[in-house]
Amino acid sequence: MAVKPRKPSARDHGVAAEREKSPLAGGAHGAVKGRRAREGKGAFVQGRNGLYIKHKLGLSPSVLVRVVVILILALLAGVFHWYHLSHLFENDRHFSHMSALEKEMAFRTEMGLYYSYFKTIIEAPSFLKGLYMIMNDKRTEYPLVINTLKRFNLYPEVVLASWYRVYSATMGVLGIPTKTCWTINRGEGLEPVESCEGMGDPAHFYVTFVFLLNGVMMSLFYIYGTYLSGSRIGGGVTVLCFFYNHGESTRVMWTPPLRESFSYPFLVLQMLLLTYLLRNQNPSRNALMALAVSNVMFMLPWQFAQFVLLTQVASLFASYILGYLSPEKLQAILVTHMVSLGICFLLMFGNSMLLTSFYASSLVSIWGIVALRDRFTGTFRAGLLTWVSQCLAWVVATVLLKSTLAVFFGASDDAHISSLIKSKFTSYKDFDTMMYTCAAEFDFMEMETVVRYLKTLLLPANILVVGVIAGTTVKDIVTALRHQGPAETEDKPISDRAEELAKGVMVYHSLQLVAFAVLAVLIMRLKLFLTPHMCLMASLICSRQLFGWLCEKGRQHIVVLVILSLMAVQGMSNLQYQWGIMGEFSNLPQEELLEWIKENTPQNAVFAGAMPTMASVKLSTGRVIVNHPHYEDAGLRERTKLVYAMYSRKPPEELKRNLLSLHVNYFILEDSWCTRRTRPGCSMPEIWDVEDPHNLGKTPLCTLMSRDSRPHFTTVFQNNVYKVLKVPKASKEPR
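So in this note's numbering, the last spot in the sequence shown is 767, and the numbers never skip.
In case anyone wonders, no lab produced these hints; they're calculated from the structure. Hints should not be assumed to be uniformly reliable.
[Stated by the list, open to error] Derived DSBU-like pairs (lysine-lysine); straight-line CA-CA distance at most 30 Å:
| no. | residue 1 | residue 2 |
| --- | --- | --- |
| 1 | Lys673 | Lys688 |
| 2 | Lys758 | Lys454 |
| 3 | Lys761 | Lys688 |
| 4 | Lys454 | Lys682 |
| 5 | Lys461 | Lys688 |
| 6 | Lys182 | Lys673 |
| 7 | Lys673 | Lys456 |
| 8 | Lys461 | Lys730 |
| 9 | Lys758 | Lys688 |
| 10 | Lys630 | Lys535 |
| 11 | Lys761 | Lys673 |
| 12 | Lys585 | Lys630 |
| 13 | Lys630 | Lys211 |
| 14 | Lys535 | Lys361 |
| 15 | Lys761 | Lys170 |
| 16 | Lys507 | Lys585 |
| 17 | Lys682 | Lys456 |
| 18 | Lys761 | Lys730 |
| 19 | Lys461 | Lys758 |
| 20 | Lys456 | Lys507 |
| 21 | Lys454 | Lys182 |
| 22 | Lys182 | Lys170 |
| 23 | Lys487 | Lys461 |
| 24 | Lys461 | Lys507 |
| 25 | Lys507 | Lys170 |
| 26 | Lys630 | Lys170 |
| 27 | Lys673 | Lys730 |
| 28 | Lys161 | Lys585 |
| 29 | Lys673 | Lys585 |
| 30 | Lys761 | Lys630 |
| 31 | Lys730 | Lys758 |
| 32 | Lys730 | Lys688 |
| 33 | Lys361 | Lys507 |
| 34 | Lys682 | Lys761 |
| 35 | Lys682 | Lys461 |
| 36 | Lys688 | Lys170 |
| 37 | Lys507 | Lys535 |
| 38 | Lys758 | Lys170 |
| 39 | Lys758 | Lys682 |
Predicted, not measured: the structure shown is a model, and the values here were computed from it.
With the sequences and hints as input, model every part of the structure.
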């Protein structure tokens, strides 16, 4: 029997025309691709508006022009964000006029630790020698030898160091100067310092690429907002909302070397690719491969990435349960995640935290539940009971699998995460948990943040968008329950299937927003995921699918422009506040300390002290340290407790034994760590009281050592902030 192609109806012509007007709405490509499959190959394909150029993207000349315009606007957004970040960073520190030592001191706490490995590689005799040195490091957790590339996610430093070496060598061969240096007179009786600016300066090179990467991130946000909303104005809404809420959206301008500065831009790319996959009926293998690559690029630089991807997988699973995501597509995405996780496991030299994470266990458990979906529908009546049973199966299977893998691998590095979450809902406290919860960024989200969202209208815009999506979703759920499950989409016309897929994308993004909101409420630092996603969701006020029923397209754009104008009232005030931040970095007490260490201690001297200070000691003096700010390792947490006994009420003999067991030669005592109190119960002695109630009421050891370190230690350096105590060697060296 011969089958004739269906004659296009007037309705189909209207749908095609509407899709053509939204070049980045996923349906257009699907429609052209569908026609091409039915009508066969040819130099041209006849369409309603004339001849379409044969192109693998299926774009007409007019659509191609629109895409080019979108790319140009995205480029402008990226360039402006790069300039904005560089401008804020320079204003805050006067970075271009700082000496090399001052630039290193400006990279405090974890930042200094990460940057020290970049410095190690560029100063090594060769790149491979530098790589070997950081992979066999004995200077960070003495006397242990650790692979810092495995422990600290240092691939960004490895890549940047290799680029710096290539750049310096190339410019040297060509005889092109790479930096400009001059003498800075600091006044106040201080010695002049040499300051260098240009790509030949290591610190300048490093931060420049961080800001460039985050400029590219803003370009991706514009494309993402345009694609999600189907409107170029929607992309503009995303970018403007990000700038209006810049202080809540990122901190890269203040902390360039942190892992999120390298990792988060790839999450934006990953979610954009995921949106493309969800919007297309049959995603290609190349698209899945691109998703896998973006997963790897997101996970490699940041240990926390697995927790973010856990929320993504959970949101996708919820979309599947509600009937907005087909089991075949979900399984394809899950397999892609598994492959990328396996690649990261290999590249991270078998880092057990990856395989023992809730993320890894969720991938396996959800894949199994989807594979056994017929069993669930056969056991339970299709509908709400099936959904609940699948959710319970996911939770139970994930917890059991994670516990089993943790026991099998003997991994306990992420145990503090469970304790931290437990402390949020109960009165549970321990030393490690309080080290986190006493820091403001790990506390619950403050109410001021919500107020700032209200002032820029970001929160009202998101409530409106999510409310409309939720209303549509509830109607679909009620319909699905009445018919004992969602209707199959395979028999629907292409236009209806495209609409269902687009609706599924919005449901997923709403669920992801809820997941990010939960994280941000529990841990304020994680609003850096919530705020950008809220900016992205705000683009949907331009969506014709969501709000096309209210008014025609022109009037909708006028309403959007009015909303943007109202947002700009507080938004511009926020930007002016950021632009008004003027500072000049100076830390003379620490500079004195570091210069004294370099001049008065042997190269192999071993130091202990507060974690942030230890990072600076390692970076700027090259001396050996026993503890550092990367607190995510179980062994390091135990080491830190031994060192931080200085801030407890324990007897000095116990501290001395701790330091000798770690082979420490010098302890750097800071009075501020003994007296500083972020809130009641959060001074270091009070934190120790939870861990060490037996010594409650005694004078803190740090107070005693500040008065007089004898007879247990010898004071060899002192200024108004730091006091260096020399640890006498044991009378008998252990054999």
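Going through the hints against the structure:
With a C-alpha separation of about 13 Å, the suggested pair Lys673 and Lys688 falls inside the 30 Å cut-off, and the hint holds. Between Lys758 and Lys454 the alpha-carbon distance is near 40 Å, which puts this suggested pair outside the 30 Å criterion. In summary, the hint linking Lys761 to Lys688 is supported, as the alpha carbons are separated by about 10 Å, within the 30 Å threshold. Taking the CA atoms of Lys454 and Lys682, the gap is near 28 Å; set against the 30 Å cutoff, the hint holds.
The suggested pairing of Lys461 with Lys688 holds, with an alpha-carbon distance near 27 Å, which does not exceed 30 Å. A threshold of 30 Å between alpha carbons decides the hint, and for Lys182 with Lys673 the separation of about 23 Å falls inside it, so the pair holds. Between Lys673 and Lys456 the alpha-carbon distance is near 22 Å, which keeps this suggested pair within the 30 Å criterion. This hinted pair checks out: Lys461 and Lys730 have alpha carbons roughly 21 Å apart, not beyond 30 Å.
Proposed proximity of Lys758 and Lys688 is supported: the alpha carbons are some 11 Å apart, at most 30 Å. Straight-line distance between C-alpha atoms of Lys630 and Lys535 comes to about 62 Å, which puts the hinted pair past the 30 Å bound. Between Lys761 and Lys673 the alpha-carbon distance is near 21 Å, which keeps this suggested pair within the 30 Å criterion. In summary, the hint linking Lys585 to Lys630 is not supported, as the alpha carbons are separated by about 68 Å, beyond the 30 Å threshold.
For the suggested pair Lys630 and Lys211, the alpha carbons sit about 26 Å apart, so the restraint of at most 30 Å is met. Distance restraint check for Lys535 and Lys361: the Cα-Cα separation of roughly 16 Å lies within the 30 Å cut-off, and the hinted pair is therefore satisfied. Our distance criterion of 30 Å between C-alpha atoms is met by Lys761 and Lys170, whose separation comes to about 21 Å. A hinted pair counts as satisfied when its Cα atoms are at most 30 Å apart, and Lys507 with Lys585 qualifies at roughly 25 Å.
For the given pair, Lys682 sits about 29 Å from Lys456 by alpha-carbon distance, which is consistent with the 30 Å threshold. Only pairs whose Cα atoms come within 30 Å are accepted, and Lys761 paired with Lys730 is accepted, the gap being roughly 27 Å. For the given pair, Lys461 sits about 33 Å from Lys758 by alpha-carbon distance, which is inconsistent with the 30 Å threshold. In summary, the hint linking Lys456 to Lys507 is not supported, as the alpha carbons are separated by about 35 Å, beyond the 30 Å threshold.
Under the criterion of a C-alpha separation no larger than 30 Å, the hint pairing Lys454 with Lys182 is consistent with the structure, at around 28 Å. Under the criterion of a C-alpha separation no larger than 30 Å, the hint pairing Lys182 with Lys170 is consistent with the structure, at around 14 Å. With a C-alpha separation of about 36 Å, the suggested pair Lys487 and Lys461 falls outside the 30 Å cut-off, and the hint is violated. For the proposed pair Lys461 and Lys507, the alpha carbon gap of about 44 Å is over 30 Å, so the pair is violated.
Taking the CA atoms of Lys507 and Lys170, the gap is near 61 Å; set against the 30 Å cutoff, the hint is violated. With a C-alpha separation of about 19 Å, the suggested pair Lys630 and Lys170 falls inside the 30 Å cut-off, and the hint holds. Between Lys673 and Lys730 the alpha-carbon distance is near 19 Å, which keeps this suggested pair within the 30 Å criterion. Taking the CA atoms of Lys161 and Lys585, the gap is about 61 Å. The hint is violated against a cut of 30 Å.
The suggested pairing of Lys673 with Lys585 is violated, with an alpha-carbon distance near 62 Å, which exceeds 30 Å. Under the criterion of a C-alpha separation no larger than 30 Å, the hint pairing Lys761 with Lys630 is consistent with the structure, at around 21 Å. For the hint linking Lys730 to Lys758, the alpha-carbon distance of about 24 Å falls within 30 Å, and the restraint holds. Between Lys730 and Lys688 the alpha-carbon distance is near 18 Å, which keeps this suggested pair within the 30 Å criterion.
Between the alpha carbons of Lys361 and Lys507 the distance comes to roughly 24 Å, so the proposed pair stays at or under 30 Å and holds. With a C-alpha separation of about 20 Å, the suggested pair Lys682 and Lys761 falls inside the 30 Å cut-off, and the hint holds. Restraint check for Lys682 and Lys461: the C-alpha separation of about 19 Å stays at or below 30 Å, so the hint holds. At roughly 22 Å between alpha-carbon atoms, Lys688 and Lys170 fall within 30 Å of each other, so this suggested pair holds.
Proposed proximity of Lys507 and Lys535 is supported: the alpha carbons are some 13 Å apart, at most 30 Å. A threshold of 30 Å between alpha carbons decides the hint, and for Lys758 with Lys170 the separation of about 21 Å falls inside it, so the pair holds. Taking the CA atoms of Lys758 and Lys682, the gap is near 19 Å; set against the 30 Å cutoff, the hint holds.
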